[in-house]
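S.K.: So you can see what is in the structure, the chains are spelled out below.
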Amino acid sequence: MADLRSTIAGIRSPNPFWLASAPPTDKLTNVVRAFQAGWGGVVWKTLGEDPPVVNVSSRYGAHLDNERKLIGLNNIELISDRPLEVNLQEIIQVKRDWPDRAMVVSLMARIEEEAWAGLARRIAATGAVDGLELNLGCPHGMCERGMGSAIGQVPDMVEQVTRWVKNATNLPVIVKLTPNITNILWSAEAAKRGGADAVSLINTVNSIVAVDLDAMAPTPVVDGKGSHGGYCGPAVKPIALNMVAEIARNPDTAGLPVSGIGGVTTWRDAAEFLALGATNVQVCTAAMTFGFKIVEDMINGLSNWMDDKGYANLDQLSGRAVRNVVNWNDLNMNFSTKAVIDPALCIDCGRCHIVCEDTSHQAIRIDQGEGRRIFTVVNEECVGCNLCSHVCPVPDCITMQPEENGLPYMTWPEDPRNPMRAAAE
Amino acid sequence: MTLNADIPASPYADLTPPLTAVQALAESNRCLFCYDAACVRACPTGIDIPSFIRSIATGNLKGAATTILSENIMGGTCARVCPTETLCEQACVRNTAEERPVAIGRLQRHATDHLFARKGPHPFARAEATGKRVAVVGAGPAGLSCAHRLASLGHEVTVYEAKPKSGGLNEYGLAPYKMADDFAQREVAFILEVGGITVEHGRRLGADLSLETLRAEFDAVFLGVGLGGNNRLNIPGEERDGVENATAFIERVRQATPDVPVAVGRSVVVIGGGNTAVDAAIQAKRLGAEDVTLVYRRGRGQMGATAWEQELAQTNGVVLKTFAAPVAIDATGITLERTRLEDGKLVMTGERYSLPADMVLKAVGQTLAREALDGLALSGGKIVIDDDHRTSLDKVYAGGDCVASGEDLTVQSVQDGKLAALAIHRHLTA
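In the order they appear, the protein sequences are chains S and L. Numbering-wise (this note's numbering), the first sequence opens with residue -15 and increments by one. Numbering-wise (this note's numbering), the second sequence opens with residue 478 and increments by one.
Keep in mind the hints are simulated off the structure, nothing from the lab. Be a bit skeptical, because a hint or two may be false.
[What the hints assert, rightly or not] Output of the computed footprint for chain L on chain S, the stretches with three or more beta carbons under 8 Å from beta carbons of chain L:
(1) 271 to 283
(2) 332 to 344
[Unchecked claim] Below are the DMTMM-like pairs computed for lysine to aspartate or glutamate, each with C-alpha atoms no more than 25 Å apart in a straight line:
(3) K11(S) <-> E74(S)
(4) K539(L) <-> D198(S)
(5) K53(S) <-> D768(L)
(6) K655(L) <-> E504(L)
(7) K539(L) <-> D196(S)
(8) K596(L) <-> D196(S)
(9) K596(L) <-> D198(S)
(10) K609(L) <-> D513(L)
(11) K539(L) <-> D49(S)
(12) K655(L) <-> D768(L)
(13) K53(S) <-> E575(L)
(14) K640(L) <-> E575(L)
(15) K640(L) <-> E670(L)
(16) K539(L) <-> E51(S)
(17) K209(S) <-> D196(S)
Quick caveat, the model's predicted, so the values are computed rather than measured. For each residue, glycine too, the CB sits at the ideal point set by N, CA and C.
Chain S on its own, in the form it takes in the complex (with noise of 0.2 Å):
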């Protein structure tokens, strides 16, 4: 069995999957019933300065498939709405009833140090937590405030915070990145620079996520009228993957801790993550969508999985894919890969064939066979782009193999065909 025991930033876990700060992390009821059903542990639902928010009727909007599967959530929904004073005595049962499971606690507050660091204080007092997350993300409602992503959008901003909290509090702490930049990296090395021991992303998406064509209004509809709010779940982890790997190959982040965060729903994804640089996941949308229960799947399915790879505990599978995360230049040239059909297992159903036919490169041909077609392809138009196999239903019908061609490896710098080649040498 592999050890999925896990630290970040010097916090423990039992296992590497911990529910982000959102709805699930509210109080004490879910939380409990979090560490009940297996969850290694939770950050709780950013705390703020009394008096608390107070949140509107209607808070999710949801991006459902044709067969109303859940690809994305979002909400409008601000962060705790309850007196400071009651999270803090929850935690501080929680941790005493729970004490191997980890206890972040996210706070935010106004761009002021007596507001961060009195709040982090007031924290730490509880003698309750594991580590603190810094709320630099929201792109909702708090943003209109002077908070979340209006500081998080900031890379000065995210230093001089997580400095401040730093200073105020011996916890460690964790950063929590917004996606809502042009480049993560900026806001990555400023909280290193600010002295963050971890950074956790990403935050939500800003995001209209749904319009209501008989109101006329963006979903959630709050009284006729609608706001931005902030998308999660299974469409934005591919924006996710890329953020944490960005972090984990740049020379100035490369050793920051990540949490990876972002649409993580199954073990493969968490594997993924991981495989991308991060040491631990978060995950909000998949408990908010099928229950606590998932966590049972995740945990099993992550340590069968590293068993038949080999792999004895998360330090030997973090980072696994980093060195083969590269620029476009450093692609080769000159490897040369063809779809092939496997007869055998096609079904008849011509997908592959259309979309190459419509949309691509004209590179399956049909022949008729004995009461069925037979899908071919045709190597000399194929240029490798794997289309067809991802439109397939059939699992491994059509595989992508590459050719032999003995050529050696060579990157577009180096390729004769590039016509800035001649300027660089």
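Using the hints, position chain L against chain S.
M.R.: For chain L alone, kept in the frame of chain S given last:
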């Protein structure tokens, strides 16, 4: 009347219920939107099945129904009665991967039911009037399909129908459990709503109509007269009380009011292996018969009813008795003789046995009533047509069960009527 605990609430209710919205959502999303899809090629009317199913999945039910009805104006009936298991659903590629096709027929019903329940305008409009007049004989699937297409193209159509209601076998020949809630008449009303079609009931070819007059008075004539005659068993006792053609039995059941259901025997024997035999057997069971036995001379593999229909009969309490040929009917029941197949030929064994029966329904095939078809070339008991559905008589076209165009299916008749209308249109506008 026999009382059985497992008699359905109403013998006239749907045997296969409509899909719920949730079922339709799940089922429509199983469609792979195949290119040049096998299901379309397997549909006699060539409905663009992937497109209509995609429209269901996107919530565009009106668009789905319009896609269906533009190729098959009786898409509502076909959704209920087509042997989809040997047509579109047999071709579905989901069979290959999962051994379970997309439920195309039930999805088609989901879409068309939605349109029929609508309050909006008719989805089809007539083209500008051409001034041409066409006579259609028979208001069944072939005739109405032809009339609708001709009227849509701007021609003026008069339909002559012998019976008091339109719809043909949809109204008189299909089991009520397939056509619940007066669907045939609702569909007829929808078809006629396009305009340009006049139906005259009580008009029969050979009685007050002649081909000669019709040819003289109209620019073209379409014959969709169906099969008026029934094959006989030619065995002793066939004329006894309680012995009836299955088609006549179904017609009585269909025309009875649900409050006064048709009485059936305690022990019913249905003779025949086609869909009419299955319809009659299941319907007899649903009307309260204690024992219903379907007797067929050959094996299940030779039956005209599909395997699905055979199983439907069995799950509804009908006993299938194969390799049994009827030899006599008397007061107590029916005498059968065991048969066997030798090199595909039916051989009688001489071994006889009896089944008690107080009602015997004959479903051994129908024949063309030739009386009024003087001058038309016939072959194999059907009207001969060319590729344009033209008969041997100038200006006279034909389609449906009275021609040898394919299987005797509603969907084939609809296609015949449609193709004949297009041929007539080409001829009239050339």
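S.K.: Indicate, hint by hint, whether the structure satisfies it.
M.R.: Here is how each hint holds up against the structure:
Coverage of the segment 271 to 283 of chain S by chain L is violated in this model, with 0 residues showing a Cβ closer than 8 Å to a Cβ of that chain against a need of three. With a threshold of 8 Å between beta carbons, the proposed coverage of the segment 332 to 344 of chain S by chain L holds, since 6 of its residues qualify and at least three are required. With a C-alpha separation of about 7 Å, the suggested pair K11(S) and E74(S) falls inside the 25 Å cut-off, and the hint holds. This hinted pair checks out: K539(L) and D198(S) have alpha carbons roughly 18 Å apart, not beyond 25 Å.
Distance check on the hinted pair: K53(S) and D768(L) sit about 48 Å apart at the alpha-carbon level, beyond 25 Å; violated. Straight-line distance between C-alpha atoms of K655(L) and E504(L) comes to about 21 Å, which keeps the hinted pair within the 25 Å bound. About 20 Å separates the Cα atoms of K539(L) and D196(S), which keeps this hinted pair within 25 Å; it holds. Between the alpha carbons of K596(L) and D196(S) the distance comes to roughly 24 Å, so the proposed pair stays at or under 25 Å and holds.
For the suggested pair K596(L) and D198(S), the alpha carbons sit about 19 Å apart, so the restraint of at most 25 Å is met. Simply put, K609(L) and D513(L) have alpha-carbon atoms about 36 Å apart, too far for the 25 Å limit, and the pair is violated. For the hint linking K539(L) to D49(S), the alpha-carbon distance of about 20 Å falls within 25 Å, and the restraint holds. Of the pairs offered as hints, the one joining K655(L) and D768(L) holds, with about 21 Å between alpha carbons and a cut-off of 25 Å not exceeded.
Using a Cα cut-off of 25 Å, the hinted pair K53(S) and E575(L) holds, with the two alpha carbons roughly 21 Å apart. At most 25 Å may separate the alpha-carbon atoms for a hinted pair to count; K640(L) and E575(L) exceed this at roughly 46 Å. Our distance criterion of 25 Å between C-alpha atoms is met by K640(L) and E670(L), whose separation comes to about 20 Å. For the hint pairing K539(L) with E51(S), the CA-to-CA distance comes to about 19 Å; that is within 25 Å, so the pair holds.
For the hint linking K209(S) to D196(S), the alpha-carbon distance of about 10 Å falls within 25 Å, and the restraint holds.
Hints 1, 5, 10 and 14 from the list above are not met by this structure, while the remaining hints are.
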